[in-house]
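Novice: Next come the chains, spelled out residue by residue.
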Amino acid sequence: MLEAMRANPSDLAVRVRGLRKVYGDLNAVDGIDLDIARGETFALLGPNGAGKSTTVEILEGYRHRTGGEVSVLGVDPAHARLDWKARLGIVLQSTGESGQYTVREQLSHFARFYPNPRKVGEVIAAVGLERQANTRIGKLSGGQQRRVDVALAIVGRPELLFLDEPTTGFDPEARHEFWGLIEELKSEGTTILLTTHYLDEAARLGDRGGVIVGGRLIAVGRIDELGGAEARIPLVRWYDEAGVRREERTERPAERVVELARQLGEPRELEVIRPSLEDVYLGLVHAAGSPSPAPESAKEEEPA
Amino acid sequence: MSILSHGVARTGYETKGYFRSPDSVFFTFLFPMLMLGIFAAAFSSRGDIGLGPGSSDHVSVAGYYLPGMLAAGILLSGVQNLAVDIAGEKGDGTLKRLGGTPLSPISYFLGKLGRVFVTGILQAALLLAVANLAFGVSLPRAWSAWGTFAWVFVLGTVTSALLGIALSALPRSSRSATAVVVPIVLVLQFISGVYLQFSMLPAWMQNLASVFPLKWIAQGMRSVFLPDGFKVLEQNGTWDLGWVAVWLVVWLVVGLVISRLTFRWIRQDA
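Chains as they are written, first to last, in numbering that gives the first Met the number 0: chain A, 0 to 303; chain B, 0 to 269.
Note that these hints are calculated values from the structure, not bench results. Keep in mind the model is a prediction, meaning the values are calculated, not measured. We put the beta carbon where it would ideally sit given N, CA and C, even for glycine. Hints may contain errors.
[Stated by the list, open to error] Non-contacting residues of chain A with respect to chain B, defined by C-beta distances greater than 12 Å in every case (computed):
1) G98
2) D148
3) V154
4) T167
5) A228
6) P233
7) E258
8) G282
[What the hints assert, rightly or not] To give a feel for the contact side, a few chain A residues facing chain B, derived at Cβ under 8 Å:
9) H78
10) D82
11) L91
12) F112
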């Protein structure tokens, strides 16, 4: 798939080279290269203030970049026109307050902006809000309002859908239902750029992912290969006779455990750990020496 | 063409939202009617307002305050309501969401302008009906008076709406919007002859008010609804309708330029 992408750039939904964004003397985005193929779901991970939102907002056309090349659906967002926006769907981090309109009114209104919108009734059904269709949005629960956000983003039949931390604040059941909805969109061929703090979400939805730390993309690849094979070598952990915690990485953990048993009898608090995506991710972020994120996150929050 | 048709769709959408927000309905739509009622009730025992001995021109208290309340309604529906509303939409993410859709900013503003017209016309009609039916104010019969009413209303409304859009850039957050906008609008109403008789104000205050548009809207409305003899109470002893038009057009252009220069879907970064 990657080879095919390189061969034909028109198959790319997003192409970014050397992207930079400077706020004052802070490099919020510091040289990012990124390719997202059409039909692909790409998960962008990273701590708060790492430059995720800034990067995504540049791709969405909300912010101007300081340097680098950006092409989204073949167009430079900095010079994009309204017909380009008609091809995007954007689910923002925060929800706009349009509480005085009903779900159906809001969707019918937004559908008018697009040249080839989906049927409002179908969109309402797709996000599972049939029973709330004539309820004012202000009276819905947080999870239901988030579904309205998604409905508004997909009513224009977007080629590329941006999802910025879509399930923050969801209960587990709502999150699983939401994932089902996104998977349906994936199966229809929609390209999706997802930013999230939840690694299980990235693993469930993402074909590929990338980790941004300190404005740089420090790892890109298939989610189950992020961080490389080495980061996934199982870990054996135990306490030795002196009560000191020991750990060792080994491809053959069972063998090591048998050996330990022979030497120590039953080792105290013996564990064999297969690094989860979360372990791999945290390892990556720590190794990159995640710089103090506070000033940047302040910068990022303020304009949003 | 879609810019225009989207603007029409926005007008319907905006108007619906306006009448579903109780505080905007009260503070900008019904407020002038309430004030007219209060003034009429408070001062009517003093009898009609006249020009003094030697003149037969006189008008009831409600009749005297009606033009001022019409002018205040135009200002509230335009400046106060739009400035607070748009600053709020900037703060709560509504504008950012619209900025991510193919909606043209021009359609967005046509929708705001359309809503101000719809609510302004309803408000003026209601004010005239209340004044006529509840307080017995007789309305002008001459077509020429209604012609003047129409252009002062249209020009005043467009100017107020554009100034409201321009002013929406001033509050730094949606929470401070009311605190920033309401005092400006309130002071203007006091110095421009809405609550206080303009002819009673000191000359310096009249001159100050003459820089701002509300005084001219109010003066235009007085020319429509007060007996012609009352023009002697105006600053130059005439209705000065030419200057009403000039000052409103000047403020319209100012509002248009500031709106054009300051409007962004989101607060911009460096």
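Novice: Which of the numbered hints above does this structure break?
Specialist: Hint check: 1, 2, 3 and 9 fail, others pass.
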